[in-house]
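**Q** Dock the two chains into a complex; use the hints.
From first to last, the protein sequence lines stand for chains A and B. Using my numbering, read the first sequence as starting at 1 and increasing by one per residue. Using my numbering, read the second sequence as starting at 1001 and increasing by one per residue.
There's no promise every hint is true.
[Unchecked claim] Quick partial rundown of chain A residues pointing at chain B, CB under 10 Å, derived from the structure:
id	residue
1	79
2	83
3	85
4	86
5	90
6	91
7	94
8	96
9	101
10	102
11	103
12	104
13	112
14	123
15	191
16	195
Because the hints were derived from the structure by calculation, they are not lab data. These figures come from a predicted structure and were not determined experimentally. Every residue gets a Cβ at the ideal spot worked out from N, C-alpha and C, and that includes glycine.
Listed below, chain by chain, are the residues.
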Amino acid sequence: MSAAKELVQAKLASLLAWERRKRCEQILYTAVGVALLLAIVLLPLDGHLPIRELRWFIPGALLLALAPYFFYRRRWRAQDDRRALVQLDRAMRLEERASTAWELAARGETGATAELVFKQAQDRLRSVEPRTVLPRQRDWQAYAVVPLFALWLGLLWFDGDRSFIEQRGAPKNLAHQLSEFARELQEKAKSESLRESLRAGQELEQLAKKNIAAKSDDEELKKELAAVAQKLAAAGKSGADKNSFSAGESQQSLQDLKAELDAARDLLNFSDGVKGTQELPQQWMDRLASLPQVKKQLDREPQGGQGLGQNDLKAFLDRLNQQATGELDRRTLLDAQQFLEQMMQSGQGQKNQSNMQSVARGEQESAGDGVREKNHSNRPGKEPGKNDGADSLPEFRGGAQTQVKGLLGAGDSSAVFFKGKPTPGKSELGQDELVANYRRQAEQELNSERVPEALKETIRKYFLSLEESKR
Amino acid sequence: MESVDDIEKRIERAGRAFDELKAEMGRVIVGHADLVEQVFIALVCGGHCLLEGVPGLGKTLLVRSLGEILSLSFSRVQFTPDLMPADITGTHMLTDDPSGRKVFDFQRGPVFAHIVLADEINRATPKTQSALLEAMQEQGVTVGGKLHLLENPFMVLATQNPIEMEGTYPLPEAQVDRFFFKLILQFPSHAELSRIADITTAAPAAALREVLDGPAILQMRQWVREVPLAEVVKDYAVRLILSTHPTPDGKNGGEALAQRFVLYGSSPRGLQSLILAAKARALLAGRPNVSFDDIRSMLLPSLRHRLILNLEADAEGISAEKILSEIAEKVAEV
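Same shape as in the complex, but just chain B (with noise of 0.2 Å):
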């Protein structure tokens, strides 16, 4: 049985771990330092991440390197419309085997990885796409009437190019609502590219440390949801999911914006999401239990891609997340 020294050692753990990811993905990644706590909660929470961003961001870079100090496997898929579901999942090879004998044999594709760079998701076929998200879902494939499992832990994180959009799939609000998280990334400021041009034209630095390995995640995983969390901060979350969703008497406590520009407010597994999010959070803050800062913080990428817009708010440039920061200002605590 652990004693409380444990849980202290735990979360003691867990912090340092994080802040030596942070200082090794500083050494590549310039800025989005909030980015990168966003994606190690994602991961430790079990869930995928949706990166939306303008090419040269350094998306795949940040996944990269998420791979390496993680010392887990990592592979790259880039999205093309004539991309197949196979290319994804792997198929049934015809190969020799040792006797010499023609035999069908699985090859795996790129999903069989710990870390899955999806690369311009919204570029391929939503038959394509649903082949990720199936994988995303159920943690592993079925190929040829025979099911395989992916690798635990298992993350994917889609990027998509928020400006062309032409040619392109959307991803349908269903698939999306899968992502743990959408993560935008912001233009560096002055600062971050002076110091981006420094790091990307001298000579290249020294390989990535390895902080984490896969059994230390899902250890974590676990110390995730045992973090306690007290009924008052569950019902402010509930009270927050509820204010999102837009109803013709205005009674469940929506704010102004969400009645009018909302058309469907957040799932269930937005609340899922914003209160493991918290969690991990709550954790990775070497606190044992959750606060109302933790689920604020965690409000806009748990929830920003599952609220679905009107047209008017499309017309009037209104953002899901001015509606959710309008929510985070105006649902009281208590």
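Chain A with its partners taken away, still in its complex shape (with noise of 0.2 Å):
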């Protein structure tokens, strides 16, 4: 073998290892890239390992999963060597004399023009160190790693992936529950004209914020809890007395009867024809008697409220108004003074949760009166009488349901039914009394969240105009 053959092979197998080593980096600057990358996404889930400190590890034990799959990706080939010598031809301008003179020395060429290939080769390569000529060039993988390091160590050090499971998965403290049970709390209490309820969520609230802002523990939280409750049980049980005349009565009840006193209420204010203790014509109590609840409750009244003048009648509708408005936010106290001892008894959880802003809703899952409740002694799988878990809060049902004994049963309806003469041809229906129903249908559902706020206003005006165009 010649000595200028023998020199170019020396140097170009030099320069080719200088191109493996450094495809080598390469490809672990990326795997180690690709590796902290992967460890910050998944730093969420550090939270299910066994021991904590395994989570120093996991950048490593990624780097060691991923690194063979690079390395065999992007491993040296034949077309490799070619491009590291092509390379270096551009670099030297040796006008392929690199590439050729690798070549003919792999084919074992002898020959002169083979010879005179290696000469010059050689001539241009001899002083040239493959180093200098194709210097380490660091690509964006590697400018990314010490970023992507620090990065990941940053947010270890700090926590970052506890802090992470406390935002998304962790569940909320005590005083944070009770804020948000007072907040609903309010609002219902807001809906519906509670008072004492309204007091008790404003209370609770301030109790919660203070508790959040002092960063204090649930133990002592559950203490002044302990006294709010007895506070709102003692409420609840002297409320009790008062509207004694409706515990009877279902939650969906008080509810109807509240909505169609404000009907009756209305009814009476627009009515001009009938002054001071003058009796009413039969026309309006005839009105009055075609909301369920205010019949029923006028049938309690002596000669079930015949004769009654419209002062009396209106005295006696703010009665029932107060009592069923006293009972309704008595039974919420209720409902929320034992929200807060089960809070008390069973701290924290997802379920608990749920359960207490159904709760602050007071959200129903029954139709109303006479339909059975799905409460927990009637649901599948659950008889009366076992245990359906000490530690869940109890569900909200709108309060009297689950205090009323004997309640079972059809019950009264809300529906209006027509009945007319079964007489052959045509059946016939009065306008007068057509338009009565429909303006009871509409007050019934005046009263209901289904028709807008703004728009109530506007039907009630509307049915009346009918009644009086036709006067």
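**A** Printed below as a string of structure tokens:
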């Protein structure tokens, strides 16, 4: 073998070794970068590790898992030899002498032409160090490794994973739950004009805020809650004495009654034909009788309310309204007290939180009077008398239903039935009757949430205008 | 056995011969330096050239001067529609032998020269064209059942005018493919025109000096084939050829213009021509090996007449040169 060929081969082999090393470094940088990136992305899953300290080894484990793949995928091939040699040719303006010399040497060419190629390549390469010709050039992966490492280290150092878990997955503490409950309780109290409940809600919210600001622990809050719960229980019991008339009514009945009372008061306000203590005409009494809950209460009055003047009737309706509101207020307070007690017993939890929200909203699953309620005792798979889970909060069903005894059966219905005479031919229904019926239906609907608040007044006026035009 | 010194001397000789040729040609041909180089490359590769240019650009002068400088026999055939194959190849004539007997004697046609200028080749009928093209391919003509070998070295330089196409017979693609190079003569620049005026309107210059002869050219043909070609460079040339071919899926590396405007890409003759020309260029540049630059430089003359463009290219004025330029730009060396 000629000296020129030897030297050229040695130089080019050294260059290729250098290029292989650079490739390995690049692969390593890429693998480290990807491992760090994955470690950062998977940070929220650190909570699943059996030992917390293992989180420090996650990038290393990921690197060990990923590196073989990267090294295999970007392994050195024959094509890379060619690429490196062409790069050298370009860098040194060898006009492909290095590439040609390498191939001729590999083929074992010994002719004079090949020797000339070796000689010319040797002349150019003799004093050249491949590392200086093709220096190490870091790509973006190499530059990304340090910031990624710093980011990962910073997140771990400052417990970024823990705060993430707390933010996303950890249950709220008692004070936050209480604050949420208090807000919803206040909303409900405002919408239903429940003064005591509103006051209780405000008090609870203040208590929750104080605890959140002081960052005191749950035990301390529980003590304070116990005092509030006692207060609520006392308020609930005192209210029970005053509103004993409606203790047997269901929550839905009370709400219906309140809605009908509003409608009845409107009727009276618009009736200009009846003054002072003058007895109400039969027409007005008929209208009041079409409101089932009001009629039910009127029936309890002597002579079924017949002969009452407008003032008497107003007083009667006001009293009814006060009693219904008071009863609703009392039941809300009792439910709140019950919830607080459960909260103190069970502490925190997702289930409790959802129960709390239903308590505050006063959600109802049952349709109303006479419909069997889906309480713990009649749910599928649960038998009366069995333990439903002492650690869960009570479900709020609108208050009274769970306390009413002996109120089973079909119960009252708020529907309006029309019965025409079964005479042959066309069925006839007078306009008065029709309008009255429609108005009754509208009044019931007006008390529901399905009619927008802004339209309620317009609807009322529309039906009044129908009657006035008739007159 | 040759030594490294012999090879170095050989390369030096080739380079010097080429330099001298350029210098002598420069005395009569103004500009067209690339053209002179490419004609010489075609000569040392054993190929033929198709020269295309408008009248008066010096095509005939170039070829005649080349003949003089190379000390080779030169003949010129003006192609016309009534030119017959025998007018090119030669024919048997009834003559008297020394004893007074009448015998048929083969009178050699103009094709029996080292350098043949086929002027306006597209004006002759296809039959006549094919007679010449057969001679180009086979390096011999068969007349009366007898094969007559042509001179060696033998080179045909055909010219055609790109603007007067009426009454012409454009060369079929298969015959165009037999030309090693297709060279385009560009109109001279201001300075070149000025120098042309000086040269052609003054007293005639001294006769051109012979710088090479037939045997030297044949030897150079041998040297050209001995120039080593690295696999990586050959692979580049192959990829360039493949890139001229449109494919339905475009997966052969064909570039955008080639995909859209080429009907048929270069033939394998194109690759042979490209590599051989690159080797000759390396030799004339005094280099013992072929570089990527050699391949790129020879791309246009080797392939421009081998691409068959579609009607869309005609409509949009896309030339083979434009497509090849894009290919040269886009195809990676490695």
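**Q** Of all the hints given earlier, name the ones this structure violates by number, lowest first.
**A** Failing hints, ascending: 6, 14, 15, 16.
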